[in-house]
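Engineer: Read top to bottom, the protein sequences are chains A and B.
Going by our numbering, the letters in the first sequence line up with residues 1 to 384, in that order.
Going by our numbering, the letters in the second sequence line up with residues 1 to 513, in that order.
Any given hint could turn out to be false.
As a list, the in silico DSS-like pairs of lysine-lysine whose alpha-carbon atoms are at most 27 Å apart [unchecked claim]:
1. B/K220 to B/K495
2. B/K94 to B/K142
3. A/K255 to B/K326
4. B/K271 to A/K255
5. B/K94 to B/K132
6. A/K84 to A/K255
Covered stretches of chain A, as calculated for chain B (at least 3 residues, CB under 8 Å) [said to hold, decoys possible]:
7. 224–233
8. 238–245
9. 248–261
Please keep in mind that the hints were generated in silico from the structure rather than gathered at the bench.
Yeah, the Cβ is synthetic: ideal placement off N, Cα and C, and Gly gets one too.
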Amino acid sequence: MDRRGRFAPLGAGLASAASSIIAILVGLAVGFAILLATNPAQAVRGLGVIAMGGFNGGMKGIGQVLYYATPLILTGLSVGFCFKTGLFNIGAPGQMIVGAFAGIWVGTNASFVPPPLLWAAALLAAALAGTLWGAIPGLFKAMLNVHEVIACIMCNYIGMYGVNYLIKNSNVYDPLKNQTIDMTRAAIPKAGLDNIFFSLKGRFHDASSVNAGIFIALILAIAMHVVLNRTVFGYELKACGLNRFASRYAGIREKRGVMLSLAIAGGLSGIAGGLMFLAPAGGLHITVVETLLAQGFNGIPVALLGLSNPIGIIFSALFVAYIDQGGYYLQRLEYMPQIIDVIIAVIIYFSAFALLMRQAIDALRSRLNRRADKRARGAGEEPV
Amino acid sequence: MNNAPDNFIIEMLGITKDFPGVRANDDITLRLRRGEIHALLGENGAGKSTLMSILFGLYRPDKGVILKNGRAVSISGPNAANALGIGMVHQHFKLVHNFTALENIVMGMEPTRLGLLRTDQARRQVLALSEKYGLRIDPDAKIEDSTVGAQQRVEILKMLYRENEILIFDEPTAVLTPGEIGDLTRIMRSLADEGKSILFITHKLNEIKQTAQRCTVLRKGRSVGTMIVKDTSVETMSELMVGRRVDFSIDKTPAKPSPSPMLRVERLTVKSGRQQKPLVRDVSFEVYGGEIVCVAGVDGNGQSELAYALAGLIPADAGRIYIAGKDVTRSPVRARNMLGLAHIPEDRQRYGLVLDYSVEENLALKSYFRSPFQRRGFLSFAVMRAHAERLMRGFDVRAAQGPATRARSLSGGNQQKAIIAREISELPNVLIAVQPTRGLDVGAAEYIHRRLLAARDEGKAILLVTLDLDEALAMSDRIFVIYEGAFAAEFDGVKADARELGLRMAGSGKRVD
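All chains, please: the whole structure from these sequences, using the hints.
Structural biologist: Written out as structure tokens, the structure is:
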């Protein structure tokens with residue numbers, strides 16, 4: 001076969017990054033269309049504000065990006081890890097909320113733990129509860145072949161309503177605000193980050209909410225990268241995801257892989273919940289409402305945009321948090337909050353089409369190659 | 001109907017089709033008369049399916065023309081074929097499982113009025129066709145609840161409903177029970193009597209004798225000739241199909257079997273969920289170290305299931321399997337592998353390789369969990385790389401970027417060599433090799449044969465499952481013929497006669513010595 005005139009294959013990493021960036025640009029274009037449709041006069045400025053993202057708010061804004069990226073990195077890892085095993089973990093919201101409640105409960109009631117370690121004990125409880133909540137759909141899938149999406153969705157609702165019930169019937173409930181109490185003693189430490197990421201308003205030190213959680217998320221992302229790419233366990237899980245027939249042929253216990261994969265994913269989401277809600281006064285609290293956590297679902301676009309690669313997920317979570325902050329600052333212009341939510345959601349979800357873009361790039365490339373082949377063959381083909 | 005000698009409805013003239021590395025059809029000419037049943041006979045890989053796929057528009061020929069009623073036509077796809085009245089019953093039926101028979105038959109051509117289905121009209125038409133040709137079906141039965149024979153009748157009705165006049169049957173009897181085969185034969189005759197022209201792909205000689213008027217034999221992509229069936233003996237057809245026994249018998253020393261069997265199978269039976277008839281029926285045999293035992297048979301006679309059951313990929317319904325004296329009937333795959341079972345699977349891309357893993361990762365697929373490939377749960381990529389380089393050198397596996405190449409981008413022959421390298425290097429007691437040379441060019445096939453013989457001479461027990469007569473004869477110390485799931489005959493590998501073996505594979509049981 002004549003190889004002249006063929007398009008040299010792009011490096012795999014480069015093609016992945018290119019597809020993610022194209023997806024982001026498409027998302028921004030659609031977002032811009034909505035800006036134009038709702039308030040044409042401010043559209044260009046609006047796009048600028050969105051594109052500026054976290055930078056709108058100076059150092060505090062950057063801190064907020066890191067703060068909001070923390071749970072997204074973890075739910076993104078949770079979803080992406082399962083994608084690598086060929087599973088779709090749509091249960092992150094439930095795993096998060098269950099983990100968060102367990103963390104808050106331990107943080108309030110585990111009085112035997114010395115105070116400097118209380119937050120760590122609470123976070124461990126969050127991880128364990130999330131693991132359990134992820135293991136349930138894993139067990140159903142492995143033993144009874146119940147599709148994990150069904151079981152995960154059910155666990156989301158059971159988790160949310162169950163936690164609402166438990167909050168109201170335990171000593172972590174603040175009836176005045178209809179939410180969990182402040183986690184003064186078990187709050188995630190700031191680790192000095194509040195002295196870096198702040199803005200001065202006159203003499204007022206306006207600090208970001210960012211805390212040590214971002215370090216934990218980064219460490220876990222690197223750990224997942226190592227697990228997936230360096231260990232026997234990761235080799236088996238990926239083999240199951242890529243070709244389950246060949247994995248069975250190789251003697252890999254596929255069912256065990258399915259269970260462990262969902263359990264680990266649940267643990268990651270549980271930690272996400274713990275890091276988000278183990279917060280003092282002024283931070284985030286679990287409110288007793290009938291809504292699934294958006295940070296859980298947003299793990300899906302984060303994982304897709306990061307092509308399920310743990311390192312890619314760090315960047316895609318930062319991007320989503322960054323755009324989210326852009327939306328926050330968009331309120332300065334005359335956009336209704338609902339419209340802002342729509343725009344941000346559109347950008348994020350279009351960005352999640354990275355894989356689609358990747359396929360489009362590959363398809364385009366092979367079409368161009370085919371055309372080149374045909375030209376090379378010339379009129380060799382006879383009509384039938 | 002007009003049955004004049006030169007009344008050809010379809011003529012395929014000088015058809016040539018190349019696939020990368022292999023010429024599947026080489027200047028083949030096939031003429032189909034109106035109202036005849038014309039058999040297309042040939043071994044696996046002889047080019048029958050390619051030729052029929054060209055007629056049905058699935059492939060475009062590189063050279064040659066197709067004439068219908070003497071006029072050149074271009075068949076760009078199945079829809080174009082349908083418009084020309086060409087229909088095909090594929091070996092694996094193309095039916096929607098949760099639709100009824102009637103819905104499947106009319107699908108895509110539903111009679112409608114104002115956008116609404118007119119089921120009553122469709123039902124009348126289908127029942128009339130069913131009556132006319134004796135194709136008994138229950139129009140309201142779901143496909144998933146129907147027998148294979150009934151599904152096939154639905155496929156035939158689908159063609160008739162589309163008013164096809166040229167009907168292609170791709171190995172229609174492979175999936176049927178003997179009773180159903182008799183029904184199908186009658187149906188095909190009545191279709192031909194009504195003026196339909198039938199092309200019938202098969203490698204079962206008795207069926208040709210019973211149904212076809214003429215027969216075209218293909219061998220290795222070429223047409224060997226077209227003959228009148230009633231003037232030709234089964235033996236002649238078999239000889240034409242197989243060809244003269246190619247005498248590249250490799251230097252083979254006599255087998256030195258080990259004192260006790262490495263693989264012992266006792267009355268093994270394997271059933272499948274949907275089909276009533278067992279796929280493997282009451283099979284018993286032994287394979288000793290240092291010999292190659294061959295299971296020869298035509299595709300679809302249970303040999304695939306036998307191999308999968310031995311490897312632990314599908315469960316055995318009855319009987320026992322012993323590896324190196326240990327009962328492994330209920331053991332998982334890993335336990336069997338640890339007892340020294342290696343397996344070159346029939347479907348190398350589905351089972352044999354993780355295509356998106358690199359060659360080195362694939363070469364470690366059976367050993368990654370053992371030291372030194374892993375230490376404390378971490379993979380040693382240096383060990384994997386060295387292992388891969390050694391095997392790739394030893395087995396001549398060529399890859400553009402060495403051990404780091406994706407398995408997907410390897411050629412078929414190199415994929416197969418990689419699998420064989422991995423399986424032989426595991427130092428097995430028992431090696432199950434299923435069609436190890438399928439789709440490979442002669443050079444690669446010969447290489448693989450030599451490696452298998454070397455493994456035998458090192459004392460390994462080898463079970464060779466093949467569809468290829470030449471391979472069976474060249475390689476085996478003993479040959480079992482599998483027919484409809486059961487062992488029909490046993491031959492001594494040295495004394496076996498190609499013609500007789502071919503007859504047994506085609507299900508001809510009566511043979512006077």
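Engineer: Hint by hint, where does the structure go against what was stated? Just the numbers, ascending.
Structural biologist: none
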